[in-house]
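Build the full structure now, drawing on both the sequences and the hints.
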Amino acid sequence: MLKLTDIDTYYGDLQALWGISLDVNEGEMVSLIGPNGAGKTTTLLSITGLLRPARGGITFDGHDLLKVPPDKIVDLGVSMVMEGGRVFASMTVMENLELGAYGTRARKERAETIEEVFKTFPRLKERLTQRAGTLSGGERQMLAIGRAMMSKPKLLMLDEPSFGLAPILVDSIFEMIKGINQQGVTILLVEQNVRAALELADRAYVIENGRIVGEGSGEALLSFESVRSAYLG
Amino acid sequence: MLQPLVQNIVYGILIGALYGLAAVGLSLVFGVSKFLNVSHGELLMLGGYASFWIFKLLKVDPFVSIPLTIIFLLLIGFILYRLIFSRLIKLEVEKKIQNSLLVGFGLSTILQNIALRLWTADDRSITTAYSGLSFELAGIRFPAVRLISLGIAIVALISLQIFLKKTFTGKAIRATVEDWQSASLMGINIHQVYLLAFMLGCAMAGVAGTLVSICYSIDPSMGLNWTLKSMVVMVLGGLGSMVGTFVGGIILGVTESATAFFIGGNYRLIAGLLLFLIILIFRPQGLFGTKEGDK
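Residue numbers (this note's numbering), protein chains in the order written: chain R, 1 to 233; chain X, 1 to 295.
If you are wondering where the hints come from, they were derived from the structure by calculation, not from laboratory data. Among these hints, one or two may not hold up.
[Unchecked claim] Chain R is faced by these chain X residues, among others (derived, beta-carbon under 10 Å): (1) A172; (2) D179; (3) S184.
[As the list claims (entries may be wrong)] Here are the computed distance ranges between Cβ atoms for each label pair: (4) E109/R - G106/X: 46 to 52 Å; (5) L101/X - A220/R: 53 to 59 Å; (6) G133/R - F142/X: 37 to 43 Å; (7) G57/R - E94/X: 29 to 35 Å; (8) N99/X - E109/R: 37 to 43 Å; (9) E126/R - F163/X: 25 to 31 Å; (10) A54/R - I148/X: 57 to 63 Å; (11) L116/X - D64/R: 48 to 54 Å; (12) A54/R - Y267/X: 55 to 61 Å; (13) I270/X - P167/R: 57 to 63 Å; (14) K34/X - G137/R: 25 to 31 Å; (15) I281/X - M94/R: 35 to 41 Å.
Even for Gly, the Cβ is constructed at its ideal location relative to N, Cα and C.
This is the structure in structure tokens:
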């Protein structure tokens, strides 16, 4: 479904990704783990079109994403939740959700999609007219994920969804992500919480210094000695 | 002593509304695209001349021809953005600001000289049959055209506000102001948003220009003065709040006329710039802005 072939991405003159290749198959949940600054976020941003790789290829459902502008990539069914959620703080919860369905494809089904989102995140329904800036950290994250779901994604990419949340909320956010995956949405997850990320995912890639250094099923990586010592302590 | 003072303040409010309207356009473009268009005053000048010539040649009342002026400025905005400003957007923030200043100054010089060539350096103003009318209330004079202009400025502001708050496209503009990356991830074509905001900013300048040509006078070199006033007001009101910006305009107008009254007409401009400095030092987020707004 999603295929990255040998991509190199730069920030100005600084090379951040070195020949990253990875595959995500339809219906899968794939995790991307690695230390801070390894290039996990850069990889996701390269897929969204907010960053463009200098070399290599990215295809999604047969489309060459390097030739598609960022807003149309969302229309094709690729959605990303950035680290911290990045909700529009001065706007209401409802406005945030509406904007999630801005794309032409999603806009037509907005009314139905919003009901589905409320089923996954009932809390949002109670907060509809509240400004997103006044929400708690957990609610913000739910809004960010709900907003991304409004675009009816086939592939949902999440960057550190558990970051900064209370431990009790972390589990429920992961439960919700699992639920979204079970509804048929393919998931690419970047996560600091390596144990949870590996337990949850079908497969995972380990990324270090902008390169893929390991790949395997979540279980296999959990028992992999170097991963254990590096990330699980 | 009181009556002339009140009269002065009334005039201050009336011209302040035009400062506010001019600044709203500049502020919108700055908020969305994060560059400063220092040729904003020249766009206002073009709006003034558009109404002037429509009135002179076609005998259409300048208030009635405002929609035409708006269309003309939207078109100018489209061309200028596509031709010039769209090239700035891709630059990093700091370079974008620097280059926009250079480009803006260049453009303002070009537009000024075109106006000078086409329409001469003469002061022009639109004099309608009702231009001399005024109302009196408790000895205070309210010139009719300036009162109507105040009304139109308020209508323009409210229309813009409704557009930004209620329509889907307006919400996309606000989302882009807040976080362009997030906006792009919503499927918003942010380049279209930049273009649209620029065109709307030009239209606001155009309406302000029309009102200036009716209430006061226009000439090819008026732009710089209006750009300066708009910048002062933008900082005064605080970024991100259209209503705050408009009120900032009125505060500047009143400050200027009070200065003229108490100290002397020559100090009007200085009072405005002094206000600008004081705000920058003590309340850089503006009177109505929030600290979060400059993110």
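Any hints this thing doesn't respect? Which numbers, in order?
none
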